[in-house]
Amino acid sequence: MKANLFKHIELLLKTNSRYLSEDDKLLKAKIYEDAMRMDKQLIKILISDDLVKDVFFINVDGVLVFDKHKFAKFIDSKEFLENSYTSYTNKIGLTSGDEFISRSSAVVLDFPFKDCYLGGGQLKTIKKDKRSSLMN
Numbered sequence: 001m002k003a004n005l006f007k008h009i010e011l012l013l014k015t016n017s018r019y020l021s022e023d024d025k026l027l028k029a030k031i032y033e034d035a036m037r038m039d040k041q042l043i044k045i046l047i048s049d050d051l052v053k054d055v056f057f058i059n060v061d062g063v064l065v066f067d068k069h070k071f072a073k074f075i076d077s078k079e080f081l082e083n084s085y086t087s088y089t090n091k092i093g094l095t096s097g098d099e100f101i102s103r104s105s106a107v108v109l110d111f112p113f114k115d116c117y118l119g120g121g122q123l124k125t126i127k128k129d130k131r132s133s134l135m136n
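Note that my numbering gives residue 88 to position 88 of the sequence shown, counting from 1, and the numbers run on in steps of one.
Keep in mind that the hints were calculated from the coordinates and are not lab data. The structure displayed is predicted, hence computed values, not measured ones. Ideal placement from N, C-alpha and C gives every residue a C-beta, glycine not left out. Do not rely on the hints blindly, as some may be mistaken.
Pairwise CB distance ranges, derived in the manner of DEER restraints [claimed, not checked]:
(1) M36 / L94: 16 to 22 Å
(2) N16 / D50: 14 to 20 Å
(3) D24 / V65: 30 to 36 Å
(4) N4 / G93: 15 to 21 Å
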């Protein structure tokens with residue numbers, strides 16, 4: 001089902017030239033960017049198809065809401081990487097759970113004593129001789 005859905009979405013997205021490279025391959029970064037920005041053209045393409053609408057849209061009191069995170073996860077899946085030999089995305093980076101932290105707005109650099117100033121200093125000058133500087 002998911003493989004068929006991938007091919008179905010691939011054909012659907014190829015109808016819009018803004019998502020195609022010069023050699024007619026899908027531009028995943030552009031599709032991802034437009035999904036995160038909730039681009040009207042992308043939403044229109046996706047909502048026009050009943051199968052895609054059932055998978056990536058949620059009906060809330062008669063209003064269809066696009067699940068952009070589910071769509072982004074689908075884009076990052078193995079099926080979207082045609083020449084991949086792994087089940088993971090073709091990307092190196094830090095993750096939190098199963099999501100890259102670069103795609104999350106809830107990333108905090110945390111370290112001890114961040115609420116105070118730690119002054120450091122050297123009490124005496126230590127001179128290095130030539131032999132010790134060569135070892136470092």
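Status of each hint after checking the structure:
1. Separated by about 19 Å at the C-beta atoms, M36 and L94 satisfy the suggested range of 16 to 22 Å.
2. Take N16 and D50: their Cβ atoms lie about 18 Å apart, and the range 14 to 20 Å holds.
3. Taking 30 to 36 Å as the suggested C-beta distance range, the pair D24 and V65 conforms, at roughly 32 Å.
4. About 30 Å separates the C-beta atoms of N4 and G93, a value inconsistent with the hinted range of 15 to 21 Å.
Violated hint for the displayed structure: number 4, the only one.
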